[in-house]
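As a plain string of letters, each chain reads:
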Amino acid sequence: MRSGQIIKQVLLLAGGIIMLMPFLWMISTSLEQGGLHNYVEAWNRVPFGTYFLNTLIVTSLTLIGVLITSSLAAYSFGTMEYPGRDKLFLLFLSTMMVPQPVYLAPSYVILAKLGWVDTYLALIVPWLTNVFSIFLLRQHFMTLPKSLYEAARLDGCSRFGYLWRVALPLSKSVIATIMLFNVIGSWNSFMWPLVVTHSEKLRVLQVGLSYFNQEQSSNYQLLMAASTFSILPLLFLFLLAQKHLVASYSRSGLKD
Amino acid sequence: MRTGSRITPYLYILPALIIVICFRTIPILASFTASFADYDIGGFHGFVGFSNYERMFTDARFWNSVSNTVFFVLGVVPAGIAIPLLLAMLLRGDLRGKAFYRTIYFLPVVTSAVAVSVVWTWLFKPEAGPINGVIIALGGDPLMWLREPRGIFEMMVSPLGLKPEGIFAGPSLALVSLMIVSVWKSIGYNTVLFLAGLENISNTYYEAAKLDGAGKWGTFRHVTWPLLSPTTFYVLIMSTIASFQTFALVYVMTPPPGGGPLGTTNVIVFYLFQKAFDRFDIGYASAISVFLFIVLLFLTIIQRRVGERRVHYS
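So the sequence lines, in the order shown, correspond to chains A and B.
Take the first sequence: its letters are residues 1 to 256, numbered as in this note's numbering.
Take the second sequence: its letters are residues 1001 to 1314, numbered as in this note's numbering.
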């Protein structure tokens, strides 16, 4: 029994070191020669401040949008009865089956027709709702007992008041999951911002880092420093919300 | 009842509905329509029947991207099942440092594909990269990694004087390098799925196996593996679907315009991207989109069908 445990630990530790190695190499290379000065150098070589700010703006505005539109839609789909409800829900779900690359080109044409290419609108508006979030929240709202709703209405609570004061406070865990998924998703999203923006002042972090990689391809210290500070915010988020995040991933079985 | 309350439910879904229709449904339908049209940088030039599809089926570069994608999927998916399954078996139950290991293995999952690609590009650097550094230190010959267009089977048998060609040369070492990164990035996620699957297997099965005197391998072979099959199947299909859509790794690690040395890392989504946004050949790109969609839809349907049957079975 004992030796079994030791073998397990040795294997897991060896695997863990292999998994961590790229990160360790990244950090040690980022500190070569210039030390911490490499970070300042990388930050100032291209406008990383702008890239961070753009990413923060896009991530927070889409998150707010997703929370509002998803709560409202999920409340309607999950607790109300009306003609056409199931067909509409199916329309929403069907879009989840189609991956982004499939509709990327026509989306670009539509954005171009709207005159939105290379604006914040193109980065934000199409992502102001998220069907998977609606789905998760709807499933949760459906589990709330109907008697709760009736009691609240008897107490003079309006329909919207029930959502705001009763249903949402009872859904904290699902909302946390939705927030984590959406923040990670928009922070890491690459293909969409790469396609719909061109100017440097609109680059988000991932796009900026990818251009930085092409321009400075032999400047490893700076590249590793830039990679490190690009990863840091989500790393902190992950370490803070690790338990909830891993549980969410394993329950909902959805990635990116 | 107030008349207003009849439309209230629709008002609640309206904001989401507008976004979904404008930025999902319409582009998806437009993709199908555009695949039958001559639509390029000059705009719409009329419908052309199946000619985009005819062009696709006779386009050697398209088939090259398909075979690269298939190689990629065939390399990534089995490794992305075997390694996480082993890790989940090791992590199962009460184990010292379980949370610590989970954190480490999960780290690459939340790290952006772009940052991961930048770091691995450096690790794979033929001249000064750390991986070749280790190989040289161990007395081996350095490899070209991301810049190596030769197929790995070709490289393995070339000392014997053989020279396999076409798909028999295998995926290029450059593509295999991308597979390694992709597997590394998804290990944590798949491990978490397998751990959840293992926890769902009732202990009574293990007790019964123990009473029957089954050894460790026998228990795995006859209890764990069959009872875990719904999870394994789910991981199999989901990794296949995800691998079919690989883009960021290819774009960053083997940068445009080429799609890797001699186009050997040019996968479907990258090719689609090139056609749509370098050439603005929207009609042709849409035909490729539809092809990709049909493949992925097929996989999703299989997943649903078999998944449902498993649920009824258990």
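What the hints contain is simulated information worked out from the structure, not anything from laboratory work.
Among the hints, erroneous ones may be present.
Stated by the list, open to error - Straight-line distance between alpha carbons at most 25 Å, and here's what the computed DSS-like set of lysine-lysine pairs gives: (1) B:Lys1210 / A:Lys8; (2) B:Lys1216 / A:Lys8; (3) A:Lys113 / A:Lys146; (4) A:Lys243 / B:Lys1098; (5) B:Lys1098 / B:Lys1216; (6) A:Lys8 / B:Lys1125; (7) A:Lys201 / A:Lys113; (8) A:Lys8 / A:Lys172; (9) A:Lys172 / A:Lys113.
Hint-by-hint comparison with the structure:
1. B:Lys1210 / A:Lys8: Cα-Cα ~21 Å, so holds.
2. B:Lys1216 / A:Lys8: holds, 14 Å
3. A:Lys113 / A:Lys146: Violated - the C-alpha atoms of Lys146 (chain A) and Lys113 (chain A) are around 46 Å apart, more than 25 Å.
4. A:Lys243 / B:Lys1098: holds, 12 Å
5. B:Lys1098 / B:Lys1216: holds, 21 Å
6. A:Lys8 / B:Lys1125: Roughly 33 Å separates the two Cα atoms, so the pair is violated.
7. A:Lys201 / A:Lys113: Within the cut-off at roughly 22 Å; holds.
8. A:Lys8 / A:Lys172: violated, 37 Å
9. A:Lys172 / A:Lys113: violated, 40 Å
Against the hints set out earlier in the document, violations occur for numbers 3, 6, 8 and 9.
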